[in-house]
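Q: Modelling step: build the complete structure from the supplied sequences, incorporating the hints.
Protein chains in written order, with numbering that gives the first Met the number 0: chain F, 0 to 473; chain B, 0 to 47.
Treat the hints as calculated values from the structure; they're not laboratory data. None of the values given here were measured: they were computed from a predicted structure. Beta carbons are placed, not taken as given, at the ideal position from N, Cα and C, and that holds for glycine. Please note: incorrect hints may appear among the correct ones.
What the hints assert, rightly or not - Short derived list, chain F residues pointing at chain B, Cβ under 10 angstroms: (1) F14; (2) L24; (3) K63; (4) N120; (5) L161; (6) A191; (7) Y195; (8) I295.
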Amino acid sequence: MNCYQCGCTLSEHDFCTNCGADVALYKRIIYISNRFYNDGLERAGVRDLTGAITSLRQSLKFDKNNVEARNLLGLVYFETGEVVAALSEWVISKNLRPKKNIADDYINMIQTNQNRLDTINQTIKKYNQALTYCNQDSLDLAVIQLKKVLSLNPKFIRAHQLLALLYINSEEWERAKRELSKCLEIDTNNTATLRYLKEVDEMLLPEENGKGSSKKQKKSNEVIKYQSGNETIIQPANMKESRGVTSLLNLGIGLAIGIAIAFFLILPARIQSAKAGIDEELRKVSEQSDSKTATIDELQQQLGVLQAENETLQQDVAAYMGSDDGTLQSVESLLRAADAYLTDAEDVTTVEDYLDQIETEMAEEGEQENSEAFDNLYHTLLALVGPQVAESYDEEGHAAFWAGNYEEAIPKLAKAYQYDPTNGQALFDLANSYYRSGDETKAKELYQEVVDLFPNTEKADKSAATLAQIAGAE
Amino acid sequence: MINFEEELKKFHPSLEVEDAEEAIYNQDLTDMADLMVKIVKESKKAGE
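A: What follows is the structure, given as C-alpha cells:
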C-alpha cells in the first residue's frame with residue numbers, strides 16, 4: 000500500500016512516514032476494498048457469480064487500483080458470457096499495471112484467436128438481434144436466434160434468461176425450467192434466475208404450494224407434477240439420474256433404427272439401382288439384337304433380290320444362248336447356202352433350201368438384229384438365186400394350179416411370189432387357189448393385195464370382180 | 000406472476016467488441032480513495 004500523496008510505501012502507522020499525510024481513512028478504504036475482493040473471491044469459488052460481481056464492483060468502487068479485484072471481475076464476466084465487459088476490465092487492469100499482470104494473458108488469449116473473437120462478436124450481435132425481435136413481438140424468431148446464440152456461447156447467462164422468459168411467456172414451463180437450470184449451473188445465485196425459477200416451479204407444482212408437509216415435500220422432490228389442460232402430468236424427477244443407462248438405451252435404439260433404415264431404405268435402393276443397371280444392359284443387348292435382326296432381314300431381302308436378278312439373268316443368258324443357237328444355225332445355214340452356191344451356181348434348189356431354212360428360223364425367232372455382213376450375204380444370195388428359184392416355183396406352182404391340185408399349188412405359188420414380188424400372176428393364182436380350195440378369207444386378203452399392188456391390170460379387175468362376188472355371196 | 004413486458008425492459012443490448020474501446024474510455028473510474036483525497040485537499044484549502 001502506497002501513500003496517496005507521495006507514493007511512499009506505508010507502514011503500520013496511520014500517517015505517512017515520508018510526507019506525514021494522514022492515511023488512516025485511506026488505509027480503511029483500502030481495507031474495505033480488499034474485504035470486498037475477498038468476499039467476491041469466495042463467492043466466485045462457489046459459483047455465486049452474481050454475488051461475486053457485486054462484491055468485486057464494490058471493491059473497485061473503494062479502490063479502482065485493486066488490480067486483482069478487477070482481473071477477477073473480468074474473469075467472472077467472461078464466465079457469464081459478458082466477453083466485452085470482461086475485456087474492458089482486463090484492458091483497464093493492464094493500463095493500471097502494465098507488467099506482471101495476468102490480464103495480459105487473458106487479453107492475448109482472446110485477441111490472438113481471430114476466429115474466437117469473430118464468434119464472440121457474432122454471438123453478441125445475434126443476442127442483440129434476438130432482443131430486437133422480442134421488442135418487435137417476433138418471439139418465435141427471437142427463440143430461434145437465442146438458440147443459435149447459446150449454441151455458440153453456452154455460458155451466456157442473459158441469453159439463457161431471455162430464452163427462459165420467452166418460454167415462460169409461451170407457457171412452456173419445462174423448457175423454461177431447463178434453461179433456468181442451465182443458468183443455475185453457471186451462476187448459482189442469480190436473482191433473476193431464481194425469480195423465474197420460482198415462477199416456473201409454481202406453475203409446474205400449483206397444488207404443492209403452501210401445504211408444506213415434509214412427506215409431501217419429499218414426494219414432490221421425487222416427482223414433477225404439472226397441469227396440461229385438464230390432465231395432471233406426473234413425471235419422475237430422477238429421470239436424469241439414469242442418464243447413462245438412457246444414453247446406452249438410446250444408442251441401442253439408434254443403432255437398431257440405423258440397421259432398419261439400412262435394410263428397409265438403403266438396401267432396396269441398392270437393389271433397385273442394380274435392377275435398373277441390369278434393365279439398362281438388357282435394353283442395350285435387346286437394341287443390339289434388334290439392330291442385328293434388322294440387318295439380317297435387310298440382307299435376306301437383298302439376297303432374295305439378288306437371287307431373283309440372278310434367275311432373270313440366267314433366263315436371259317439361257318434365252319440368249321438359245322437365240323445364239325438359232326443365230327448360229329442361221330449363220331450355219333447361210334454359210335452352207337453360200338458354199339452350195341459357190342460349189343454349183345446352178346444348184347439353186349439346194350441354195351434355196353438353205354435360204355428357206357434361214358427364213359423359217361428367222362420367222363420362228365421373230366425379228367432380231369443380225370449382223371450387217373449376215374444381212375448382206377443373205378440378200379446377195381437371195382438376189383443371185385431368187386429369180387431362178389422364183390421361176391422354178393412359178394412353173395411348178397402353175398402346173399399344180401392348172402392341174403387343179405391347189406394344195407400343192409399354194410406353197411409353190413407363195414414361194415414364187417416371195418422370191419419375185421413383181422410376179423403379180425403368181426399372187427393372183429395363189430388367191431385363186433385359196434378361193435377354190437375354200438379358204439375365202441385368205442383369198443379375199445390376197446385378192447385385195449392384187450388390187451392394191453397391181454392396179455389397172457386385168458388381174459386387178461378380175462380380183463375386184465371376185466371380191467365383189469364373194470361379198471355378194473355373203 | 001412475472002410480467003413479460005416489464006421483465007423484457009430489464010434486458011439491454013450487449014456491447015459489441017467494436018464498442019469496447021468507447022466503453023472503456025467512458026467508464027467512471029472515480030473511487031472512494033479519489034473522493035477522500037479530494038475532500039482532504041479541499042479541507043486543507045479551506046483551513047488555509
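Q: For each hint, tell me whether it holds in the structure or not.
A: Okay, the hints, checked on the actual structure:
1. F14: The hint is violated - F14/F has no Cβ within 10 angstroms of chain B, the shortest such distance being about 13 angstroms.
2. L24: 6 angstroms, holds
3. K63: Holds. Min distance 4 angstroms.
4. N120: 5 angstroms, holds
5. L161: 6 angstroms, holds
6. A191: 7 angstroms, holds
7. Y195: Nearest chain B Cβ about 7 angstroms off; hint holds.
8. I295: 82 angstroms, violated
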